[in-house]
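Enquirer: Now for the letters of each chain:
Protein chains: 2
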Amino acid sequence: MKALHEKIRKEGKVLSHTILKVDSFLNHQIDAKFMLKVGEEFAKRFEDEKITKVITIETSGIAPAMGTAASLGVPLVFAKKSKSSNMDQDVYSTQVKSFTRGTVYDIKIAKEFIDPEDRILVIDDFLAFGHALLGLKKIINESGAEFIGAGIVIEKGFQGGGESVRKAGIRVESLAIIEAMKEDCIIFCEK
Amino acid sequence: MKALHEKIRKEGKVLSHTILKVDSFLNHQIDAKFMLKVGEEFAKRFEDEKITKVITIETSGIAPAMGTAASLGVPLVFAKKSKSSNMDQDVYSTQVKSFTRGTVYDIKIAKEFIDPEDRILVIDDFLAFGHALLGLKKIINESGAEFIGAGIVIEKGFQGGGESVRKAGIRVESLAIIEAMKEDCIIFCEK
Numbered sequence: 001m002k003a004l005h006e007k008i009r010k011e012g013k014v015l016s017h018t019i020l021k022v023d024s025f026l027n028h029q030i031d032a033k034f035m036l037k038v039g040e041e042f043a044k045r046f047e048d049e050k051i052t053k054v055i056t057i058e059t060s061g062i063a064p065a066m067g068t069a070a071s072l073g074v075p076l077v078f079a080k081k082s083k084s085s086n087m088d089q090d091v092y093s094t095q096v097k098s099f100t101r102g103t104v105y106d107i108k109i110a111k112e113f114i115d116p117e118d119r120i121l122v123i124d125d126f127l128a129f130g131h132a133l134l135g136l137k138k139i140i141n142e143s144g145a146e147f148i149g150a151g152i153v154i155e156k157g158f159q160g161g162g163e164s165v166r167k168a169g170i171r172v173e174s175l176a177i178i179e180a181m182k183e184d185c186i187i188f189c190e191k
Numbered sequence: 001m002k003a004l005h006e007k008i009r010k011e012g013k014v015l016s017h018t019i020l021k022v023d024s025f026l027n028h029q030i031d032a033k034f035m036l037k038v039g040e041e042f043a044k045r046f047e048d049e050k051i052t053k054v055i056t057i058e059t060s061g062i063a064p065a066m067g068t069a070a071s072l073g074v075p076l077v078f079a080k081k082s083k084s085s086n087m088d089q090d091v092y093s094t095q096v097k098s099f100t101r102g103t104v105y106d107i108k109i110a111k112e113f114i115d116p117e118d119r120i121l122v123i124d125d126f127l128a129f130g131h132a133l134l135g136l137k138k139i140i141n142e143s144g145a146e147f148i149g150a151g152i153v154i155e156k157g158f159q160g161g162g163e164s165v166r167k168a169g170i171r172v173e174s175l176a177i178i179e180a181m182k183e184d185c186i187i188f189c190e191k
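Protein chains in written order, with UniProt numbering: chain A, 1 to 191; chain B, 1 to 191.
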């Protein structure tokens with residue numbers, strides 16, 4: 001998505017070879033109108049898939065996921081993060097390793113909000129090592145619903161998550177794929 | 001907002017005299033299209049105020065705040081919650097007492113995302129005792145920006161937050177004000 005590439009080039013801050021900060025439009029300040037456009041793009045890419053629900057993980061996935069859900073006209077469910085293990089029988093939960101924080105956290109979704117008939121599109125802000133997506137895959141499989149695909153705003157191609165997730169049979173659509181980052185240079189994988 | 005009253009009556013679950021669960025469209029599952037309408041309503045109520053920025057607190061405030069920011073055509077900034085006190089000089093931070101969890105947490109916003117010239121509209125999902133709004137007021141005052149008003153999806157009128165916040169000089173627009181809750185009955189304060 002060209003407009004996204006431009007935005008990353010203009011506003012993104014490369015903090016290290018692995019960390020890109022896009023706090024000005026995605027992770028702290030949010031460009032709401034742009035997120036609606038991001039959502040339209042995801043909706044277009046999955047328009048033939050009869051998606052019935054969008055799922056994301058709090059917090060930064062919510063804005064692009066909301067744009068997508070609004071565009072598709074389906075509900076959005078966000079998985080909640082919690083530090084403690086949850087034994088509640090009314091929720092699906094699994095553990096996810098965080099790349100940025102080096103910690104493990106639980107994600108959970110109330111069972112009532114995933115129907116076995118659902119055709120699910122997962123939306124997230126970043127794809128790095130793929131742990132969040134694989135965690136959601138586990139939850140979706142457990143529910144009996146179908147995991148149709150994942151829409152990612154920024155994929156860090158050099159961290160291998162995209163490969164693992166695609167190998168696990170998940171269709172991944174990333175609006176920007178970053179091949180490498182240097183101090184003042186972001187190299188995109190462009191089609 | 002009549003459509004919101006209907007949605008609360010139809011989907012809200014009264015867990016006690018003080019706790020209303022609206023997980024099906026606001027706090028866990030999100031009705032994305034409806035949140036865009038909620039945002040349009042807030043934008044309409046503050047249309048003459050030349051708002052330049054919408055601020056909310058993660059997580060549940062993000063959806064209605066995004067609808068509002070998209071409708072007004074301004075950026076949205078969400079305050080981040082953290083358990084530990086943050087001494088970072090680049091952020092505004094303050095402590096907020098949580099009604100639902102009985103804990104105290106820090107909220108913080110990077111200084112770069114509030115301009116002293118900003119005219120700020122705060123959006124939140126619930127108004128109970130008003131601690132979150134008063135915390136944001138402190139941050140906004142410190143930044144030098146102007147706190148124009150607050151848009152609340154559901155105000156729990158019986159918990160007094162609305163009164164405290166209005167007494168502190170903040171214009172509050174609530175789309176639904178609940179006077180009292182009983183097992184199978186939610187009493188709205190309707191105009």
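Don't read these hints as lab results, they were simulated from the structure.
Take the hints with a grain of salt, since some may be wrong.
Just so you know, same-sequence chains aren't split out, so a pair can sit in one copy or run between any two.
Straight-line distance between alpha carbons at most 20 Å, and here's what the computed EDC-like set of lysine to aspartate or glutamate pairs gives [what the hints assert, rightly or not]: (1) Lys-80 to Glu-58; (2) Lys-50 to Glu-183; (3) Lys-108 to Glu-173; (4) Lys-111 to Glu-11; (5) Lys-2 to Glu-40.
The model shown is predicted, which means the values in this text are computed figures rather than measured ones.
Enquirer: Now look at each hint and say whether the structure bears it out.
Expert: Verification of the supplied hints:
1. Lys-80 to Glu-58: Answer is both: 6 Å inside a copy and 12 Å across each meet the 20 Å cutoff.
2. Lys-50 to Glu-183: Neither way: Lys-50 and Glu-183 sit 42 Å apart in one copy and 38 Å across, limit 20 Å.
3. Lys-108 to Glu-173: neither (24 Å within a copy, 33 Å between copies)
4. Lys-111 to Glu-11: between (39 Å within a copy, 16 Å between copies)
5. Lys-2 to Glu-40: within (14 Å within a copy, 28 Å between copies)
When each numbered hint is compared with the structure, violations occur for hints 2, 3.
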